[in-house]
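Colleague: Protein chains in written order, with the numbering used here: chain S, 1 to 431; chain L, 1 to 432.
To be clear, the hints were calculated from the coordinates, so they are not data collected in a lab.
Wrong hints could be hidden among the right ones.
[To be verified] A short, non-exhaustive set of chain S residues, derived as facing chain L with CB atoms under 10 Å:
(1) 114
(2) 142
(3) 151
(4) 180
(5) 200
(6) 201
(7) 219
[As the list claims (entries may be wrong)] Stretches of chain S that chain L covers, calculated by requiring three or more beta carbons in the stretch to come under 8 Å of a beta carbon on chain L:
(8) 181–192
(9) 277–286
Built from N, CA and C at the ideal position, the CB exists for glycine as well.
Residues per chain are reported as follows:
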Amino acid sequence: MSESRGIVITGAGAVCGAGLGVDAIWGAIINGRSAISEIRSWDASRWPARMAAEVTGVDNRTLVEDRKLHKLISRTDLFGLYAAGVAIQNSGILSHRETLAEDAVAPFNDLCGVFAGSGGGNYRSNYDFFPLLTAAGGDIRRFGAELGENVNPMWLLKILPNNVVCHVGIRHNFKGTNACITNQCVGGAMAVAEAAAAVRSGEADRAVAVGHDCPLEPETVFHYDRLGLMSHDTLKPFDGTRQGTIFGEGAASVMLETRRDAERRHARVLGEFLGSGCTTEATGVLNIRSDGDGLSRAIQLALADASISPADVGMVVAHGNGTPASDASEARALTSVFGSDIPPVTGFKWAYGHLIAASGMLDLVVTLKALETNIVPGIATLNELDPGLGLLPVSRMPQPPRSNIALVLCRGFGGMNVALLVRANRGSTAP
Amino acid sequence: MTARRRVAVTGVGLVTPVGNDAPTTWANLQVGRSGVAGIRNFDATGFSTRIGAEIKDFSAETVIEDRKLLKFASRSHCFAMAAGEEALRDAGIRPQPGNEHRWGFAVGAGMMGVAFNELEAVHEHCVHDEEFNPNGLLDPQFPADPVAFCRSQTNAGLALLTRHFGTQGYATAVHTACASGGQAIGTALKVMRRGQADYVLAGGYDSMLNPLGLSAFCLLGALSTDNDTPERASRPFDASRNGFVLGEGAGFLVLEDWDAARKRGAHIYAELAGDGNSLSSYRITDSHPSGDGPIQAMHQALASAGMTPDDVDYINAHGTSTLMNDRSECAAIRALLGTQVGRVPVSSTKSCMGHLIAAAGAVEAAVCALAIRDGIAPVSANHVQADPDCDVNLVRGESKKMRLRGVLSNSLGFGGSNSSLAFRHPEEVPTS
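Please model the entire structure based on the sequences and the hints provided.
Modeller: Right, here's the structure in full:
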């Protein structure tokens with residue numbers, strides 16, 4: 001990879017059930033504290049699947065100060081705007097922009113990209129139509145005629161999947177290349193891959209990437225459970241007794257730019273983005289291959305993109321969503337790539353649940369802390385490794401990484417697989 | 001930087017309000033035939049807008065034999081599978097064992113997954129005395145439908161499409177409202193230039209012609225209410241325009257490495273030469289009157305294509321027929337073309353097809369490929385009264401027969417995402 005267009009991460013932000021801010025979330029993980037508990041946002045006491053990692057005790061105004069905006073966007077957008085705002089702010093890019101000559105500001109803004117992985121539509125927003133459905137009493141003519149009296153005229157804005165892209169642009173005057181990726185679980189991971197590609201190719205000089213989602217609503221929990229995907233107690237990646245996944249909610253974000261620009265303005269570098277790979281197994285919405293084929297191909301593509309070999313990888317942050325099929329095929333993919341020499345493996349969803357479109361991005365942000373501190377955190381809910389998974393090097397206890405490069409994996413509906421490679425900033429840890 | 005990889009358009013597929021395949025659609029667009037009529041998908045007679053651009057007499061079963069897969073497909077997914085199938089047949093290639101990993105997929109997909117009857121069922125079981133009680137879902141009588149749930153997932157369409165066509169490489173779904181289809185094709189171009197795929201099936205699909213979708217736009221006051229003259233309702237750039245007409249459908253392109261396409265003797269419609277992509281960052285509901293945002297997107301598309309305004313012979317405008325979009329877009333086109341604004345014909349094929357939302361940019365990209373092949377700038381229908389704020393060289397009255405060396409296709413999304421794609425006539429591509 002050409003050094004001149006090397007991509008570094010200069011800002012990060014996150015919110016999830018495990019905490020507000022990257023440091024709080026990292027503290028929870030390193031101390032083995034899981035945010036998963038009984039659902040509080042509705043009375044789920046009769047529900048077989050009633051566990052979640054909810055964001056509690058965080059005021060909407062802490063997330064987005066502009067109260068007028070709260071009525072126009074959804075909860076997932078509040079999370080996304082918060083995380084992206086923190087990543088942008090922490091990167092120092094805004095104060096740097098203030099130092100530019102007046103005529104340099106517009107060209108600067110035109111080269112600021114915005115990439116979001118968004119959960120897309122939610123069920124809750126459609127419930128705004130319930131009063132109208134009641135009033136119409138099943139009469140579609142009345143439904144049409146009484147629409148204006150029962151539903152907010154700006155309703156469409158609330159369901160736009162691309163709200164975070166729009167409002168990050170408006171709030172920070174970012175006007176460059178952009179994308180809103182609605183590829184279910186892998187949206188956030190693909191957003192960072194696309195943002196990095198845009199900076200690498202020069203379409204943007206810098207870009208913010210954000211993943212945000214809020215799958216925690218009754219209909220989603222209900223259907224996932226009916227499909228056998230939910231755990232009814234804890235999320236235990238790779239454990240022999242694992243039953244399924246548990247939802248979380250929130251967002252995470254990183255700011256990416258070239259190493260050259262970051263060094264020129266003396267920015268604090270949190271890590272280096274090395275490469276990505278993306279595949280599908282073409283198996284339909286729910287099915288995945290048992291041999292981990294799509295995931296191992298994604299890892300190989302990421303290694304090739306980063307021009308490194310499997311032996312260079314120092315730790316693996318697995319998707320580890322806790323479902324029997326996904327974890328088993330993930331272990332197989334790791335074996336097929338690394339053979340008997342798999343680096344220490346961990347996963348974080350036991351602490352903050354599965355954030356669907358935000359999951360890969362949140363895992364990435366936490367991985368940066370793992371690289372910075374040179375610790376592969378343990379999986380606190382792991383009792384006994386599934387004997388069917390070979391000698392997967394997972395542990396309840398922290399492990400030392402074997403280099404300063406981490407592989408982050410993300411998988412989703414549609415047989416989607418994304419692999420990301422990041423390295424600790426030069427000099428921060430010995431390779 | 002090394003020379004950019006060239007990407008050929010070798011197949012097109014369309015399911016639109018003016019035809020259930022590409023040849024029919026293109027023939028109707030050339031004569032300016034409207035696909036707008038009273039809504040038949042459901043009883044819309046109570047709504048302020050009762051007209052739409054619907055797909056007519058479409059049967060997915062005639063195109064897709066896999067009945068089990070169709071069960072998982074929504075209305076717009078069916079359009080997508082049909083358009084994708086037509087594009088592959090047209091190109092004469094499809095993913096094969098051995099190259100399926102080199103096939104990518106990029107789609108612009110709709111924002112709505114939940115069908116109206118599913119919302120009605122939740123209302124019936126969970127809402128009592130105006131209170132929503134989630135425990136109603138646990139009611140044994142509740143018609144829980146896992147297939148409907150799968151259909152509603154944001155990437156359900158992409159999952160079905162990759163499975164049906166067997167592409168196993170890069171796969172993405174994007175949504176930036178009305179820019180989605182254009183951005184999907186732009187993403188495909190980038191993916192190919194980065195070497196992540198050698199072939200991409202790229203396009204978009206949408207159908208918001210259901211009670212919730214129609215409601216959303218009626219509430220915003222964005223739709224034309226010319227219920228008595230549906231065929232005239234979509235009149236982009238006309239001084240009397242009063243909103244867009246909601247449409248549905250799908251469009252797909254087969255994108256292929258240029259040299260590989262030449263080698264196998266494929267018919268090449270055009271080079272997909274450039275992608276421009278910007279954010280207006282102005283207001284969530286408004287476009288900037290100066291055209292700021294779309295201007296950058298068009299400039300980038302040309303730069304990415306190695307073209308200048310001199311090389312542009314036709315612009316397929318976003319042209320929704322809303323007061324604000326058309327004015328802002330014309331300002332952008334004027335800013336781009338400068339003194340050449342009188343030379344370059346501009347039209348909006350939404351005048352016939354209505355606005356296909358997430359599918360619009362993809363459908364119009366396919367139209368641009370056909371326009372280059374036949375040397376025809378399609379008519380902007382229904383233009384009668386000039387608007388001084390829309391002073392561009394509109395293709396009025398009838399389509400214009402002319403060689404098109406370079407073409408731009410604009411898609412400007414609600415919320416400020418702008419996409420512009422640049423296409424080049426295959427004979428204008430320098431031989432290496």
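Colleague: Checking each numbered hint in turn, tell me which of them this model violates, lowest number first.
Modeller: none
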